[in-house]
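Here is how the chains run, residue by residue.
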Amino acid sequence: GAVVSQHPSWVICKSGTSVKIECRSLDFQATTMFWYRQFPKQSLMLMATSNEGSKATYEQGVEKDKFLINHASLTLSTLTVTSAHPEDSSFYICSASPSGGAGPYNEQFFGPGTRLTVL
Amino acid sequence: AQTVTQSQPEMSVQEAETVTLSCTYDTSESDYYLFWYKQPPSRQMILVIRQEAYKQQNATENRFSVNFQKAAKSFSLKISDSQLGDAAMYFCAYRSPYSGGGADGLTFGKGTHLIIQP
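The listed protein sequences derive, respectively, from chains X and S. Per my numbering, the first sequence runs over residues 1 to 119. Per my numbering, the second sequence runs over residues 120 to 237.
Just so you know, these hints were derived from the structure itself, not from any lab. Built from N, CA and C at the ideal position, the CB exists for glycine as well. Misleading hints may appear alongside valid ones.
[Unchecked claim] Straight-line alpha carbon distances no greater than 30 Å define the calculated DSS-like cross-link-like pairs of lysine-lysine that follow:
{"#": "1", "chain 1": "X", "residue 1": "K20", "chain 2": "S", "residue 2": "K229"}
{"#": "2", "chain 1": "X", "residue 1": "K41", "chain 2": "S", "residue 2": "K192"}
{"#": "3", "chain 1": "S", "residue 1": "K192", "chain 2": "S", "residue 2": "K229"}
[Said to hold, decoys possible] Simulated DEER-style distance windows between Cβ atoms:
{"#": "4", "chain 1": "X", "residue 1": "S18", "chain 2": "S", "residue 2": "S161", "range": "23 to 29 Å"}
{"#": "5", "chain 1": "X", "residue 1": "P40", "chain 2": "S", "residue 2": "M130", "range": "17 to 23 Å"}
{"#": "6", "chain 1": "S", "residue 1": "Q175", "chain 2": "X", "residue 2": "K20", "range": "43 to 49 Å"}
{"#": "7", "chain 1": "X", "residue 1": "G16", "chain 2": "S", "residue 2": "T137", "range": "47 to 53 Å"}
Please take these sequences and the hints and turn them into a complete structure.
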């Protein structure tokens, strides 16, 4: 159980176009999902927290108009990179927390990530 | 804001030996959660072990154990009987307690690349 999927796993796009990445919790409902970005050989940086039915909360320095997050259902959150540029090329990872918590640790389950390359 | 520091960019250990990865953190909270995650070349994040700050007993999961020193804000990971499959990036992570208003995201350290020498 507790499987999180991401689609696509790898995407290449031209500069100036928009790309949508989906994050799905396959066997549980997730009130909260998180989006992280990981540059090559670097750590994961939290970009935003996505709450079902409400606006996402963005971390300082993350442009909300560039990284649009929608969490329309308890099993799906999407991240849209608008007007992508080469500097947006990165590995994007989502995680999901089961609704009501998952024990005392309120564990987060990670998706396999999406590699975005902007040409 | 919380910070997590991993001072060892890379560690190398002989197969079957023991290795310890260090992690320190800074926080003003009294209760929190600490995690070690493994990220193999596939990039899938895998939870290795976790510890709740108010629990004094160090967590253990098979060959993996932690040395949690709350006063020193230290959370090291010990891997015993290292295996080739343990080779990966290891990230230490911090999370604030679940407040009921929603879960908090994780704050990660920069990671330690663990190499297993056969």
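Each hint, compared with the structure:
1. X:K20 x S:K229: Holds, at roughly 27 Å.
2. X:K41 x S:K192: This hinted pair holds, its Cα atoms lying about 25 Å apart.
3. S:K192 x S:K229: holds, 17 Å
4. X:S18 x S:S161: 23 to 29 Å: holds, 27 Å
5. X:P40 x S:M130: 17 to 23 Å: holds, 20 Å
6. S:Q175 x X:K20: 43 to 49 Å: Since the Cβ atoms of Q175 of chain S and K20 of chain X sit about 46 Å apart, the hinted range of 43 to 49 Å holds.
7. X:G16 x S:T137: 47 to 53 Å: holds, 52 Å
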